[in-house]
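Asks: Sequence:
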Amino acid sequence: MAQQITSRPGLFIAGYTALALALGALVIALRGYDFLLFILIWPVILSAMLVPWRMYLILIGIGVTVTAITLPLVVPDLNRSATTAAAATTAAFLICESVYRVMRRQRAMARALQESEELFRCTFERAPAPMAITDVHGRLKWFNQRLCDVLGYERDALKGRMINDFAHPEDRHIRLHSALIAAIDGEASVEKRYVARDGREIPMQVKGTLIRDAAGEPHETLVIFFDLTAQREAEAQRLAVERAMQETQRLESMGTLAGGLAHDFNNLLSGILGNTNLALLNIPADAPARAYLEQVEIAAQRAAEITRQILAYTGRGQVAREVIDVRHLLNDLKTLLDTAAPATITINYQIEPGPLPVCFDRTQLRQVIVALIHNAVDAINDDVGQITVTISERLFDADHLPRDTVGADLRAGRYAVIEVRDTGCGIDEDARDLLFVPFFTTKKERRGLGLAATLGIVRSHGGAIQVESAPGQGSVFRVFIPTAQEYPETKTAPAVTIVQSLDDQASPVQSASAGFAPAPPVDQRSAAHAMQDLVLIVDDEPTVRSVAARMVEHVGFTTLQASDGVAGVDLFRANADSIACVLLDVSMPGIDGAQALQMMRAIRPDAPIVLMSGYAGEELAERFAQLRPDGFLYKPFDIAELKACLEGVIRKGVRVG
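Just so we're aligned, residue 0 is where the sequence shown starts under numbering that gives the first Met the number 0, counting upward by one.
Please keep in mind that the hints were generated in silico from the structure rather than gathered at the bench.
Straight-line Cα separation of at most 20 Å, SDA-like style, residue types lysine to any residue; simulated pairs:
| # | residue 1 | residue 2 |
| --- | --- | --- |
| 1 | K158 | C147 |
| 2 | K333 | R420 |
| 3 | K206 | R231 |
Fair warning: this is a prediction, and the values are worked out from it, not measured in the lab.
Please construct the entire structure, taking both the sequences and the accompanying hints into account.
Replies: Below, the structure is given as structure tokens:
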């Protein structure tokens, strides 16, 4: 009550004046002969009226002076009247001074409170984060404009609403206020999604602080909202980059492992296939063992095909790049693809007119398309379905490159996009992560490299593959291949091409030797006697070296053998004028094929040298391009390939260049 009176000067002055008049009347009534004492009350009344300006001291001084002059003249009992006047003056001073001090303190507190409220209001409204003050149940009482902007509602639509009404239905069970009540320090934080007026889902971290009243009871809650959208997007992007890096590292490590295994396996197959060839040449056609050896030869050839698929997966398979029109190639494949699909599956083609050139190995591009169609057919299985093949050209800038791709790193430029869409069973997330792992399959009756070899082929040509799929919703495979204009250089390398049929079997179509075309058959001895008849074989694998020597001798040449590069160079130096050809292994400990070739050329520049390797690919030809070998012999090879290689070298006059 006192605070209300002192904070309202008008009410105080009116009340104090009335009290002074009442006291004056009471004095007159009790002491009738001192009725003139009533004039002593007026300084008190006027001083009370002037309390807010602290001018009552002047009036009290004037009143005391007037009283001192007039009191002896009008009052018979001077002592008692003087005492009364002094008491009234002192009381007036003390009361007015007390009231003034209380009012000044209250006014200062009111001003400080107003400034504090203004500062809080300014901070609250201009805060970069959405903020709100709610009651203990979560009902909005005050909130800033930022909250309105984030949720997309006007102030009137939010005021008085429960903040949980705007939460995502799946997150409404997450209650901040329950956590606040349970917290010891009255602070809590939760993460939940809110739904804006336009339907956007906004992930937020909501932090709250409990505000208690004077009695210590929960009264209100200060809530601050932190938008996590940018953070979640950055986290998702970081995870995508990490997954891409892990996938790249995984594929690279698997490629290195697979390439090493293929190389070693080819060395073993060289012994198996070579010895089988030699055995078949020395066994009569009606011999019982011949059928068994033929089966061994078939198995060895099939194993060689698998190693070629492995090398295709690693990107080390032999390729012969040329400029190919993808649309024209697909038109040529339509008949094959249509006959490969069962009657329950319809293949639709969406091919825009006009050329779409890419720099690619023709046979391997066919293999890629056939493998994708084959995968789509398997996904639909025996059900009725559709496969849609789309060929298009897309231009990507650096900010809009395809995401979630596997293969080579894509750069801004033009790409030919081969899209194969099916209405099959779809692929779950776990299977998608293993799609390109060698020999992984979800089909019990299938096995092989399949999509792994497809990825290796695409990656070796600077392209990438993107997969979109979900269980029961079909799958989309997109292959991005740089167009011929975007490819830095068109190169042609001798190749072992692999055609993968729809039953996942690959059939090799191999040139006689890399780097030259096989020559027509000629008489062995006449060719050998035309020049020297000595062939030097350098290989660190005893089995390969031995079987190659026997095959060369069967063709009609004599041989020298060396188990490493050092011994090979020494033998070459000792017999340089007599050697007709050198069969030199690329990968050897100590001095490898490249170093040995350079040393041999330093001894005899025109020496015909053929490189042998379990690896085969464009990278091999590029690596030795400056050394200009006469050719490459891909392991495993048979007698016919070896013979064609040697005859080709001899027909070229055993001269390089």
